[in-house]
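> Residues per chain are reported as follows:
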Amino acid sequence: MSRRSLFVVSLILTVLLTPPAWHPEPVRIQLARWFGPGTYVSPPPSLPSAAFEPETFCPADLAGWRSSQTIGDVTIRASRSCEPDNPFAVAAFVRGTNNVAEGVLQQSGLTPDAVTKGEDLDGDGDPDVIHLRLEVAELNGASPDNTEPVVQFPIAPGVKPGFWVFAPKMAGMATENFESLRARPMLRLPSPVIRVEQGDRIEITLENSHYMPHTIHFHGVDHPFVDESGEGNDGVPIASEMPVMPGRDRTYNLTPRQAGTMFYHCHVQPHLHIMMGLQGMFVVEENAPDNWVQTLNVGGGQVRAPSKGVQEEYDREYDLHYFDIDTELNEIIQSSNDPRVITDEMHNRYDITDATFDLFTVNGRSFPYTFRESLVSVEPDERVRLRVLNGGSGPLALHTHGHKPTITAFDGVPVPTPARITRDVFMLSSAQRVDLTLDTTNDGLHSFGSGIWLMHDHQQKGTTTDGIGPGGNISAIVYGDYQGEDGWPLTQGMPYDLFFTEAYYKGLLPLWEAYAGDSFSPPAPASRFHLRTLAFALAVGATLGFGLLLLRGRT
Amino acid sequence: MIAAVLLAAAMATSDGQTTDAMDAGHGHMHHMSSPTHQVESHQMEPSHHHHAHQMNADGMVMNANDSVLPRDCQEISEDVSFEIMAGTEFAHGPGDTFGMSQHNLEAQPCSRITVTFMNHDDIRHQWMVHGLPRYLYPGGMFHLEANGGAAITGTFIVPSDRKTYLVHCDMSQHMEKGMKAQLKVGGGDGDLWSIPGISENYIHANDSGLTIGQALGAALLAFVVVLVVPRWRRKGP
Ligand SMILES: [Cu+2]
Ligand SMILES: [Cu+2]
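Chains as they are written, first to last, in numbering that gives the first Met the number 0: chain A, 0 to 554; chain B, 0 to 236.
Extracted from the complex, chain A is given alone in its bound form:
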């Protein structure tokens, strides 16, 4: 065949193979006039579903930690959570690790000096000299031996950004056991809630067991700028003191004169270290006789041994710590095992002014793990105290379904009764706290009655995990008649299998498949259409090629 005829053939093929979707409107109209509509072609079928194996929703409570119990002489309230706090640790936090029996201390996992309680200075039946020690631990960090992160703390199925946390001083290994990569139960996000009594003489020793320098700054908690010996006591390296280097310690002194819900955090490179997780709630309870407070509430949530003041006014107390995460920052510690590289990447390469926040947590977890351990369990006609902290970088618009709680304090300062506001969205900017009274009287205002009422950030991205919902900081207010024996809420909607599957939060599983069949599953790629487009592209190429040869032949 001559070059000319080859050119003509490929030109004709180009015209014929042009995908109908690319035909210009007038061409399409003309073709329709001549030939009518094309014959029916079945669209590609839905992709077959991938097999998946969901995690256990609610692990069995083999140790009997959920029931109410008395350990030593500490009364520990029942927990309806699927992952209840270790009651032995609660007992040790209340009495002091120096005052509990050796068996209790061993089952608490704490060291003998983790929280020591001494003299009763005002003679009112509770200790007023408290010495708390906190270490710094890394979660989901790098290893020179493993491609997986080590000392793992997933915030949702398969979601493991790196964290730095203040941690109670515990004896032994950082993981569950030598074979496991998972962090031991009390080594977790968020940094523990610290709870003290107003007027106590408190020493907090930061034992910097981490490879970076850190400090503790007490935000809103009454403390002197320097301690009695003139040493810095405010935790701020550019104003009061040098950072505490790896392997070193420093003791901060506080005698808070005012009660309230406050905040503590590292103040070394705060735009990075606070956002790595070095932040926690700090509660100062009102002074009362015989008031043994639970010095740490690990993981936040229900306070199983509430203070005297809270017991008198409220039926239950919950600590809620909200925190958002930019994975670009939190994954830096997984990208290298060299602290010099990590420092350079964090300080000089990472730019928080370009940050977008991807993950949203309450008490260190995202949905669905929040349903395991961060539900607010209530009964009708109760008064429940919620202490809320927004430790995140962005604002929080916390909405309570079915309830309108009342704000009793802003940033630890009580609101006078006539000025108290009752509403259903609470806007907290970074570092702000509110104390809420949740009244479960079914009056159509404070409560709409029993149920599983979601509680979440109403800035919609906060209800997602890196853009996939439901995720983020969704938890719920749950009434007893809607919570099963094991603590799992008796939902009457969608099955949870997908949400407890790692692949779901990687965007690999279709949402509604479990009950809508495959009608919303993504379609299989249509090879027929692809082939036509490919043939069209080849014809275009051939036309151009033969056209060029014709032109060259002429000259």
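Worth flagging that the hints you see were computed from the coordinates, not collected in a lab.
Yeah, the Cβ is synthetic: ideal placement off N, Cα and C, and Gly gets one too.
Hints are supplied without guarantee of correctness; some may be wrong.
[To be verified] Only part of the chain B face toward chain A is listed, based on derived beta-carbon distances under 7 Å: (1) Gly-86; (2) Thr-96; (3) Asp-120; (4) Asp-121; (5) Ile-122; (6) Tyr-134; (7) Ser-171; (8) Gln-172; (9) Asn-200; (10) Tyr-201.
Given chain A, work out where chain B with the ligands should sit, using these hints.
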């Protein structure tokens, strides 16, 4: 079943006997000091628990055993003692934060090893051996933990096989950032990965200084040279 009986026997024995080991440790501790801290040692109170686990203000010893022979040992071949100092000042190389004074230890099969672990930092550190026979050491582990500035002594007996045991501090990131060592019994069965000063990291950092793009550029350059040079030679300058 037999293992369970042996384990119970071993635990019962070690409960009674670790006090002696502690005394021995205490005896030779007095003359030791460190550049930064006066390292103190106190005698451990014996534990009355079923755990082979003793804790005091200085730290703890777990699964101490100075008398029960591993099944494969007829007798104790030798008594060895190691004095291990630990902390940030013993970090081995650039990029390490923590370390130990010795990252490689050698002992004879069936030897009785007494370790005095002296912590020169203000924070906790651990000296933990893994891979010991589980019928004798719950979890296969012998563990010393020393509080800041404290020293802890404990004794254990190794079996007869040639084996390299992992020794580390299991606090989060301490092994990763330098507190990793090995104990070679009978010459050991090779080195472990990532031992500071001894073996390289299993996971390599990209330390070549070249990006993949630069490396491909270099490859392209070589390709062009290979094509061009023979032509230029054929034609002559
Ligand atoms: Cu810090
Ligand atoms: Cu260590």
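> Is the shortest C-beta separation between Gln-172 (chain B) and chain A less than 7 Å?
5 Å, holds
> Taking 7 Å as the limit, does the beta-carbon of Tyr-201 (chain B) come near enough to a beta-carbon in chain A?
With Cβ-Cβ at 5 Å, under 7 Å, it holds.
> Min Cβ distance, Tyr-134 (chain B) to chain A: is it shorter than 7 Å?
Not OK, violated: Tyr-134 (chain B) not within 7 Å of chain A, min 16 Å.
> Ile-122 (chain B) was flagged as interface toward chain A. Is the shortest Cβ-Cβ separation under 7 Å?
Holds: closest Cβ of chain A sits about 4 Å from Ile-122 (chain B), inside 7 Å.
> Closer than 7 Å between Cβ atoms is the bar; does Thr-96 (chain B) clear it against chain A? Give me holds or violated.
4 Å, holds
> Measuring from the C-beta of Asn-200 (chain B) to each C-beta in chain A, is the shortest one below 7 Å?
4 Å, holds
> How about Asp-121 (chain B): closest beta carbon in chain A under 7 Å, or not?
At about 4 Å, which falls below the 7 Å cut-off, the nearest Cβ of chain A leaves the hint on Asp-121 (chain B) intact, so it holds.
> Please verify that hint: Ser-171 (chain B), Cβ, nearest Cβ of chain A, below 7 Å or not.
4 Å, holds
> Hint check: is the beta carbon of Gly-86 (chain B) less than 7 Å from a beta carbon of chain A?
At 6 Å from the nearest chain A Cβ, Gly-86 (chain B) passes the 7 Å test, so the hint holds.
> Against chain A, run the beta carbon of Asp-120 (chain B) and see if the smallest gap drops under 7 Å.
This interface hint holds because 4 Å falls under the 7 Å limit.
Violation of the numbered hints given earlier is confined to hint 6; every other hint is satisfied by the structure.
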